[in-house]
Amino acid sequence: MNEPGNKEQVAKQAKELFDDSVETLDAATLSRLNQGRHKALAELHKPAGVSRWGGWLPATAVAAAVLVTVLVMRGPDGVAVIEEMVTASDFEMLLEEDSLEMFEDLEFFALLDMVDLETNDDVG
Amino acid sequence: MNAAVGVFAVSCTREQSTGAGTLQREQQLNQFLAEVERRALRIAEIAVRDRDEALDLVQEAMIKLARNYADRPGDEWTPLFYRILQNGVRDWHRRQKVRNRVMVWFGRGTSSEDDYDVAANTPDPASRPPDVELQTHEAMQRLEASLHELPNRQREAFMLRTFEGLDVAGTAVAMGCSAGSVKTHYSRAVHALRDKLGDHWQ
Numbered sequence: 044m045n046e047p048g049n050k051e052q053v054a055k056q057a058k059e060l061f062d063d064s065v066e067t068l069d070a071a072t073l074s075r076l077n078q079g080r081h082k083a084l085a086e087l088h089k090p091a092g093v094s095r096w097g098g099w100l101p102a103t104a105v106a107a108a109v110l111v112t113v114l115v116m117r118g119p120d121g122v123a124v125i126e127e128m129v130t131a132s133d134f135e136m137l138l139e140e141d142s143l144e145m146f147e148d149l150e151f152f153a154l155l156d157m158v159d160l161e162t163n164d165d166v167g
Numbered sequence: 022m023n024a025a026v027g028v029f030a031v032s033c034t035r036e037q038s039t040g041a042g043t044l045q046r047e048q049q050l051n052q053f054l055a056e057v058e059r060r061a062l063r064i065a066e067i068a069v070r071d072r073d074e075a076l077d078l079v080q081e082a083m084i085k086l087a088r089n090y091a092d093r094p095g096d097e098w099t100p101l102f103y104r105i106l107q108n109g110v111r112d113w114h115r116r117q118k119v120r121n122r123v124m125v126w127f128g129r130g131t132s133s134e135d136d137y138d139v140a141a142n143t144p145d146p147a148s149r150p151p152d153v154e155l156q157t158h159e160a161m162q163r164l165e166a167s168l169h170e171l172p173n174r175q176r177e178a179f180m181l182r183t184f185e186g187l188d189v190a191g192t193a194v195a196m197g198c199s200a201g202s203v204k205t206h207y208s209r210a211v212h213a214l215r216d217k218l219g220d221h222w223q
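From first to last, the protein sequence lines stand for chains U and C.
Under my numbering, the letters of the first sequence match residues 44 to 167, in that order.
Under my numbering, the letters of the second sequence match residues 22 to 223, in that order.
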């Protein structure tokens, strides 16, 4: 190839290489292009408006799902129920080492409760 | 009775003419797409460096053209088609940027360019001597690499003007910019390519 000394020469050589790569596309690629073209032509037979509404359907479904989620998460009086769900302080309590020790002494705390009840009965 | 028959006949004639019109339009569009699809694929492939992605982009552009612009005059199809395709390529690049950012955030920073398999995307060899085939293949590789190093707008202008043969006005429509911008982008692209490829194209 000759060294491109000007703009036209660069464009000409690039065009020759490009055209060569287009002409030597493999059969599998050409087949997929053909399939794509027929899919596109099938659009001409679809009634106008179907594809437009079809495109909006997923967005509408997502919007409806978000609305339902918000309504469910709010109580009947408009107070956010989500605040009653697990909070950061709950996690802190669960992760404290003392809490685990407390689970081991459950029988002891149950005994304390019974003692308290008996004491109150005696007082009453 | 005669009036009813007359109305029916007019109705049938209208339907026939509408059907014939649709068929003719379909044939014209088919011819246009068949003529442009291979160049469009290579242009998209050079831009995104992935044949499968390029095939998807071209198919999407063909569908959008048929869906929205089939009624437009045939001479408007080329710039419109490339406008749709270039928008698709730009969206693809945006999505890749976001994807790469997310992958980096998760510690899996990968670039689509690293995944590009040049050998797998090389066109089938034509019936030419191996040395000529190799020379052509290497020259195309260098050209693609140089085009990929250009800023997007310069690459678009160069490919639409040179590869597709659009004039300045058609390229401006396809790129969604002014004719003056097209001239500037194209001129800069050619200068850059001459600097990059000048030593190799001998």
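The set of hints was computed from the structure by calculation and includes no laboratory data.
Glycine is no exception: its CB is placed at the ideal position from the N, C-alpha and C atoms.
Treat the hints with care, since some could be wrong.
[Unchecked claim] Label-pair restraints from in silico Cβ distances:
| id | chain 1 | residue 1 | chain 2 | residue 2 | range |
| --- | --- | --- | --- | --- | --- |
| 1 | C | R88 | U | E66 | 37 to 45 Å |
| 2 | C | R111 | U | V105 | 33 to 41 Å |
| 3 | C | N173 | U | K55 | 44 to 52 Å |
| 4 | C | D216 | U | K89 | 44 to 52 Å |
| 5 | U | D63 | C | N51 | 39 to 47 Å |
| 6 | U | V105 | C | E97 | 29 to 37 Å |
| 7 | U | E66 | C | H169 | 33 to 41 Å |
| 8 | C | W126 | U | K55 | 22 to 30 Å |
| 9 | U | K89 | C | V153 | 44 to 52 Å |
| 10 | C | H169 | U | K82 | 38 to 46 Å |
| 11 | U | E51 | C | L44 | 16 to 24 Å |
[Claimed, not checked] Calculated lysine-lysine pairs in the DSS-like style (CA-CA distance at most 30 Å, straight line):
| id | chain 1 | residue 1 | chain 2 | residue 2 |
| --- | --- | --- | --- | --- |
| 12 | U | K50 | C | K85 |
| 13 | C | K204 | U | K50 |
| 14 | C | K217 | C | K204 |
Hints and how they fare:
1. C/R88 with U/E66: 37 to 45 Å: At roughly 30 Å between Cβ atoms, U/E66 and C/R88 fall outside 37 to 45 Å, so the hint is violated.
2. C/R111 with U/V105: 33 to 41 Å: violated, 25 Å
3. C/N173 with U/K55: 44 to 52 Å: The hinted range 44 to 52 Å is violated for C/N173 and U/K55, with Cβ atoms some 24 Å apart.
4. C/D216 with U/K89: 44 to 52 Å: holds, 49 Å
5. U/D63 with C/N51: 39 to 47 Å: violated, 26 Å
6. U/V105 with C/E97: 29 to 37 Å: With Cβ atoms ~35 Å apart, the hint holds.
7. U/E66 with C/H169: 33 to 41 Å: Between U/E66 and C/H169, where Cβ atoms are some 22 Å apart, the hint is violated.
8. C/W126 with U/K55: 22 to 30 Å: violated, 46 Å
9. U/K89 with C/V153: 44 to 52 Å: Check passed, 47 Å falls within 44 to 52 Å.
10. C/H169 with U/K82: 38 to 46 Å: With a Cβ separation near 29 Å, C/H169 and U/K82 fall outside 38 to 46 Å, so the hint is violated.
11. U/E51 with C/L44: 16 to 24 Å: violated, 43 Å
12. U/K50 with C/K85: violated, 35 Å
13. C/K204 with U/K50: holds, 13 Å
14. C/K217 with C/K204: Holds, at roughly 20 Å.
When held up to the earlier numbered hints, the structure conflicts with 1, 2, 3, 5, 7, 8, 10, 11, 12 and fits the remainder.
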